Amino acid sequence: MLPAREILWNAGDVRVVVYILAAIPILIFAYTLYERIRLWRIGGQERRLDQLGARVRSLITVALGHTRTLRYRYPGIMHLFIFWGFAILFLGTLTIFVQEDITLPIWGITFLHGDFYLFYSLILDLMGLLAIIGVLMALTRRYIWRPAMLDNKADDAITLALLLAILVTGFVVEGARLAAQQPPWGRWSPVGWVSASLFFSEATSHGVKTIHKVFWWVHLGLAFTFIGYITYSRLLHIISSALSIFFRNLNPPAALRPIEDMEEAETFGAGKLEDFTWVDLLQLDACTRCGRCQDNCPATFTEKPLNPKKVIQDLKLLFQEKGKRVIADMRVWGVKGEKASASSSQERAMIGEAILEDEIWSCTTCGACIDHCPVFIEPYPKLLEMRRYLTLMESRFPPEVQLAFRNMENNSNPWGIGASTRGDWAKELEVRTLAEDADAEFLLYVGCAGSFDDLNKRVSEAMVRILRAAGVNFGILGREEGCCGDSARRLGNEYLFQIMAQQNIEVMKGYNVKKIITLCPHGYNALKNEYPLFGGEFEVYHYTEILADLIAQGRIKFSKELNLEVAYHDSCYLGRHNHIYDPPRKILRTLPGVRLVEMERSREKGFCCGAGGGRMWMEEHLGTRINHARIEDVVKCNPQLVGTACPFCYTMLVDGIKEKELEDRYRARDIAELVREAMG
Amino acid sequence: MEIIVCLKQVPDTEAEIRPTPDNTEINYEGIKFVMNVYDEYAVEEALQIKERVGEGTVTIVTLGPERAVESIRTALAMGADKAVHLDDPAFGGGDAYSTAKALAKAIEGMSYDIIFCGKQAIDDDLAQGGNILGEFLNLPSITGIVKFDLSEDKKKATVQRQIEGGIEVLEVSLPAVFTATKGLNEPRYPSLPGIMKAKKKELKPIKLADLGLSEEEVGKKGAQIQVLKFSLPPVRQAGTIVGGDTPEEKAENLAKLLREEAKVI
Numbered sequence: 002m003l004p005a006r007e008i009l010w011n012a013g014d015v016r017v018v019v020y021i022l023a024a025i026p027i028l029i030f031a032y033t034l035y036e037r038i039r040l041w042r043i044g045g046q047e048r049r050l051d052q053l054g055a056r057v058r059s060l061i062t063v064a065l066g067h068t069r070t071l072r073y074r075y076p077g078i079m080h081l082f083i084f085w086g087f088a089i090l091f092l093g094t095l096t097i098f099v100q101e102d103i104t105l106p107i108w109g110i111t112f113l114h115g116d117f118y119l120f121y122s123l124i125l126d127l128m129g130l131l132a133i134i135g136v137l138m139a140l141t142r143r144y145i146w147r148p149a150m151l152d153n154k155a156d157d158a159i160t161l162a163l164l165l166a167i168l169v170t171g172f173v174v175e176g177a178r179l180a181a182q183q184p185p186w187g188r189w190s191p192v193g194w195v196s197a198s199l200f201f202s203e204a205t206s207h208g209v210k211t212i213h214k215v216f217w218w219v220h221l222g223l224a225f226t227f228i229g230y231i232t233y234s235r236l237l238h239i240i241s242s243a244l245s246i247f248f249r250n251l252n253p254p255a256a257l258r259p260i261e262d263m264e265e266a267e268t269f270g271a272g273k274l275e276d277f278t279w280v281d282l283l284q285l286d287a288c289t290r291c292g293r294c295q296d297n298c299p300a301t302f303t304e305k306p307l308n309p310k311k312v313i314q315d316l317k318l319l320f321q322e323k324g325k326r327v328i329a330d331m332r333v334w335g336v337k338g339e340k341a342s343a344s345s346s347q348e349r350a351m352i353g354e355a356i357l358e359d360e361i362w363s364c365t366t367c368g369a370c371i372d373h374c375p376v377f378i379e380p381y382p383k384l385l386e387m388r389r390y391l392t393l394m395e396s397r398f399p400p401e402v403q404l405a406f407r408n409m410e411n412n413s414n415p416w417g418i419g420a421s422t423r424g425d426w427a428k429e430l431e432v433r434t435l436a437e438d439a440d441a442e443f444l445l446y447v448g449c450a451g452s453f454d455d456l457n458k459r460v461s462e463a464m465v466r467i468l469r470a471a472g473v474n475f476g477i478l479g480r481e482e483g484c485c486g487d488s489a490r491r492l493g494n495e496y497l498f499q500i501m502a503q504q505n506i507e508v509m510k511g512y513n514v515k516k517i518i519t520l521c522p523h524g525y526n527a528l529k530n531e532y533p534l535f536g537g538e539f540e541v542y543h544y545t546e547i548l549a550d551l552i553a554q555g556r557i558k559f560s561k562e563l564n565l566e567v568a569y570h571d572s573c574y575l576g577r578h579n580h581i582y583d584p585p586r587k588i589l590r591t592l593p594g595v596r597l598v599e600m601e602r603s604r605e606k607g608f609c610c611g612a613g614g615g616r617m618w619m620e621e622h623l624g625t626r627i628n629h630a631r632i633e634d635v636v637k638c639n640p641q642l643v644g645t646a647c648p649f650c651y652t653m654l655v656d657g658i659k660e661k662e663l664e665d666r667y668r669a670r671d672i673a674e675l676v677r678e679a680m681g
Numbered sequence: 652m653e654i655i656v657c658l659k660q661v662p663d664t665e666a667e668i669r670p671t672p673d674n675t676e677i678n679y680e681g682i683k684f685v686m687n688v689y690d691e692y693a694v695e696e697a698l699q700i701k702e703r704v705g706e707g708t709v710t711i712v713t714l715g716p717e718r719a720v721e722s723i724r725t726a727l728a729m730g731a732d733k734a735v736h737l738d739d740p741a742f743g744g745g746d747a748y749s750t751a752k753a754l755a756k757a758i759e760g761m762s763y764d765i766i767f768c769g770k771q772a773i774d775d776d777l778a779q780g781g782n783i784l785g786e787f788l789n790l791p792s793i794t795g796i797v798k799f800d801l802s803e804d805k806k807k808a809t810v811q812r813q814i815e816g817g818i819e820v821l822e823v824s825l826p827a828v829f830t831a832t833k834g835l836n837e838p839r840y841p842s843l844p845g846i847m848k849a850k851k852k853e854l855k856p857i858k859l860a861d862l863g864l865s866e867e868e869v870g871k872k873g874a875q876i877q878v879l880k881f882s883l884p885p886v887r888q889a890g891t892i893v894g895g896d897t898p899e900e901k902a903e904n905l906a907k908l909l910r911e912e913a914k915v916i
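These protein sequences, in sequence, are chains P and S.
All residue numbers for the first sequence refer to the working numbering, where the first residue is 2 and numbers rise by one.
All residue numbers for the second sequence refer to the working numbering, where the first residue is 652 and numbers rise by one.
If you're looking for bench data, these hints aren't it; they were derived computationally from the structure.
Be aware that a few hints might be false.
[Claimed, not checked] What follows is a list of derived Cβ distance ranges for each label pair:
hint, chain 1, residue 1, chain 2, residue 2, range
1, S, Lys807, P, Asp425, 50 to 58 Å
2, S, Glu853, P, Arg466, 51 to 59 Å
3, P, Asp425, S, Arg703, 31 to 39 Å
4, S, Glu853, P, Pro259, 49 to 57 Å
5, P, Pro259, S, Lys833, 52 to 60 Å
6, P, Glu540, S, Lys907, 50 to 58 Å
7, P, Asp665, S, Glu702, 38 to 46 Å
8, P, Arg469, S, Gly681, 50 to 58 Å
9, S, Pro856, P, Val333, 53 to 61 Å
[What the hints assert, rightly or not] Partial selection, computed: residues in chain S whose CB lies under 10 Å from chain P:
hint, residue
10, Pro670
11, Gly681
12, Ser842
13, Ala849
14, Lys850
15, Glu853
16, Leu854
17, Ile857
[As the list claims (entries may be wrong)] According to the in silico footprint, chain S covers these stretches of chain P (three or more CB under 8 Å from chain S):
hint, stretch
18, 288-301
19, 384-397
20, 465-476
From a predicted model like this one, the values you see are computed outputs, not experimental measurements.
Ideal Cβ placement from N, Cα and C applies to all residues, glycine included.
Let the hints inform the model, and build the full structure from the sequences given.
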């Protein structure tokens, strides 16, 4: 006898009943999903259909391949088991449907027999087993270990129970069938076979058949419940998270969305849900509360009111409240989503009620929340859209921010030191300005810190000496240089940023600048990733890229043994936002007598210094200090020196070491200074 | 409530100030200009009064060259309703007297309940304009106020001045001139819609001929004080770091310098 299985064995001729029953949850699912999509579309426009190839690749690697989910090993494997278990089981069920309702009635072809059937049985059984293991792992983690990054809701329990029940009843049905039929190939369904011998070895044939029938219907009911439950539960993430991955941001991660047509626009930033884009709203539905963002957020870590997961969830709650009203309107009146979305007075305010201003201002824009999200949800850009609203529409920000804005407006640097003295640091070094020599190959864009801050002026000086020794032809802009605008932009002041960006671009283009070396990672990010959208297309390098290259070419010679153990602190705007992890480390490794060590949180897991996102210019009143937390990482790693390549990080580390009274044990230095020192 | 705010554009406090080669004027080339800080308090107070009362007009009156428009627009962006710009070369180079005269002439024909000025302009630091303006308009003037309260019937104002060791509370009937100083309020930062709206608000230029004054009465010619010369303060000499390998050696070198170079011991 050819191995095969009688479809609908023992169930009777219920095909029509089953299909009618199936139609109900499928229709519910389809219609509520349609409503959801309309809800997402109350958000504004955003172009996320470019680079289709890259989008499909993301879907394959990240959704199917779990590359990001697996960064957390246990939950990654757990989810992989559940995902692939159910995916294959679903495909298996679909195979039966294809045979029974398409190939068999039309062409009289069956294929679920013979060796293919045995292989099919084995794979499906093993996948069911994997899924059970996955669900048990999830239950253990969620309800026994209870890690801080998870919060439990009824929906989580219902979903996991539903999954487990579907799997277990499936194996009960299979066990009962195998026990009753006793096919010689039974062992090709190992789990079902064990289930048969465990539970049904003593049972009568009639008893087995009854149990089979009951569980067959229960299994079917649960499976249909599952389909109908998707759009009402976290199961929606099967669709929304996949969409979130597909519609991910493929632009440079730290290039903010420009506000266009500032002259004509009536509102700026996001003061209510509809001010977000449809991708933002879709992302709210794609969050499964896995907690990785909060686990990596420097603000959450230092007990500030900000928690990126909570931000997304609070926005989602607001979105759901709004959604109920919009959907009710759609169902009753059939009005268009956009019209129905008009904010009503019963709605909670987004800023002030759903999201507090302290949450909005606590963000350092380090980007860890996006980078650790398995499905590319973007929490911090939403906070920045809210900052834009507060700054541009309401002029509502902490008082020290106003001072920074004024200083940038009047003197093009957040310190407010006279713009005419910007080039003074270079006077004694006799650095040529482009006004004096426009033929320089590189523009050294010093930035505000390197021009005005005593600590960082030393870095500028070191860079000048290194570049000269290596024979690089460069010049500076001197007093013609302006602030890059990074801080203004991240504090929500897009207007000020665009003015400053346009001024810089005009000056640079005036000198026909082609290649730029920046000292500050924030300037690097602004010039490289943000200026192109305002017409400033330059070849932009961070100084660590240039130095690593010069060292590799043998153009920098070292003569002094430093004899130091150095841990390198990753600047967020260099590492996470621009993937420059290796050049600084390469430089450090080549310095004579430097032993490079790594802190626990380094590279992709690097921990912010606390100064990004304009936080450099703000007081840190809430929670504990972020730079102190980072110094504790230094203490754990215990190097002699912390190396940095960012003026803000440099300042924060030096201050942190001082404030924790560890100056006798640790020093912080910029890498350029170390290079200069090793050159003798 | 009709409120007038006199506003002056001045160089930023961090700007590099140099006299012209003949030392008779200041070389304003390449300098960043801003709204005088004390005038910001004046604008803010005017806006707050208007908001509290719920009606009225805040009018900016500025005397200055074309570039002053930028500061006028800032005040309009903060929320002022309209502006008058005394923009004529004849107005230039004046002292507090001739400037106040032109301002008074421009304000004369307007309706007003309150006139605010900044306590002083941070460039020439004269601190006279408000009072002279009051005299020309025959109005009482109170300088350096840190608090302003309008009476119920809006006919009187109770203001506070910071004086040595305490606070002085004064009452005055309106209209009157007040000069504002730090402590009066926290000037707002203009919102972007405010900035955009400001571009379309009324900004009326006024020439000498519009005022009915002669060239001899305003600006440099009408001034009672003439600037003879501007000079920069002496450049501070760089300090000396006393060398030496040990503290003892450093102390020895220091003592030597004090005795031989500075001749103080």
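Against the structure, the hints:
Between lysine 807 of chain S and aspartate 425 of chain P, the C-beta spacing of about 53 Å keeps the proposed range 50 to 58 Å intact. A hinted range of 51 to 59 Å holds for the C-beta pair glutamate 853 of chain S and arginine 466 of chain P, which are about 57 Å apart. Between aspartate 425 of chain P and arginine 703 of chain S the C-beta distance comes to about 47 Å, which lies outside the given range of 31 to 39 Å. Against the hinted window of 49 to 57 Å, the Cβ-Cβ separation of glutamate 853 of chain S and proline 259 of chain P comes to about 32 Å, which falls outside the hint.
Here the CB-CB span from proline 259 of chain P to lysine 833 of chain S is close to 37 Å, at odds with the stated 52 to 60 Å. Separated by about 56 Å at the C-beta atoms, glutamate 540 of chain P and lysine 907 of chain S satisfy the suggested range of 50 to 58 Å. At roughly 56 Å, the beta carbons of aspartate 665 of chain P and glutamate 702 of chain S sit outside the given window of 38 to 46 Å. Against the hinted window of 50 to 58 Å, the Cβ-Cβ separation of arginine 469 of chain P and glycine 681 of chain S comes to about 29 Å, which falls outside the hint.
At about 58 Å, the CB distance of proline 856 of chain S to valine 333 of chain P agrees with the hint of 53 to 61 Å. With a least beta-carbon distance of about 15 Å to chain P, the hint placing proline 670 of chain S at the interface is violated under the 10 Å criterion. Taking 10 Å as the C-beta contact cut-off toward chain P, the hint placing glycine 681 of chain S at the interface holds, the least distance being around 7 Å. The beta carbon of serine 842 of chain S is positioned within 10 Å of a beta carbon in chain P (closest approach about 5 Å), and the interface hint is therefore held.
For alanine 849 of chain S, the interface hint is violated, since its Cβ never comes within 10 Å of a Cβ in chain P; the closest pair sits about 12 Å apart. A distance limit of 10 Å between C-beta atoms decides the matter here; for lysine 850 of chain S the minimum to chain P is near 8 Å, and the interface restraint holds. Restraint check, glutamate 853 of chain S versus chain P: the minimum CB separation of about 19 Å is more than 10 Å; hint violated. Nearest Cβ of chain P to the Cβ of leucine 854 of chain S: about 18 Å, over the 10 Å cut. The hint is violated.
A hinted interface residue such as isoleucine 857 of chain S counts as satisfied when its beta carbon comes closer than 10 Å to some beta carbon of chain P; here the least separation is about 28 Å, so the hint is violated. Given as covered by chain S, the stretch 288-301 of chain P fails the check, having 0 residues with a CB less than 8 Å from a CB of that chain where 3 are the minimum. A count of 4 residues in the stretch 384-397 of chain P with a Cβ less than 8 Å from any Cβ of chain S is obtained; the coverage claim is therefore met, three being the minimum. By the rule of at least three residues with a Cβ nearer than 8 Å to a Cβ of chain S, the coverage given for the stretch 465-476 of chain P is violated, with 0 such residues.
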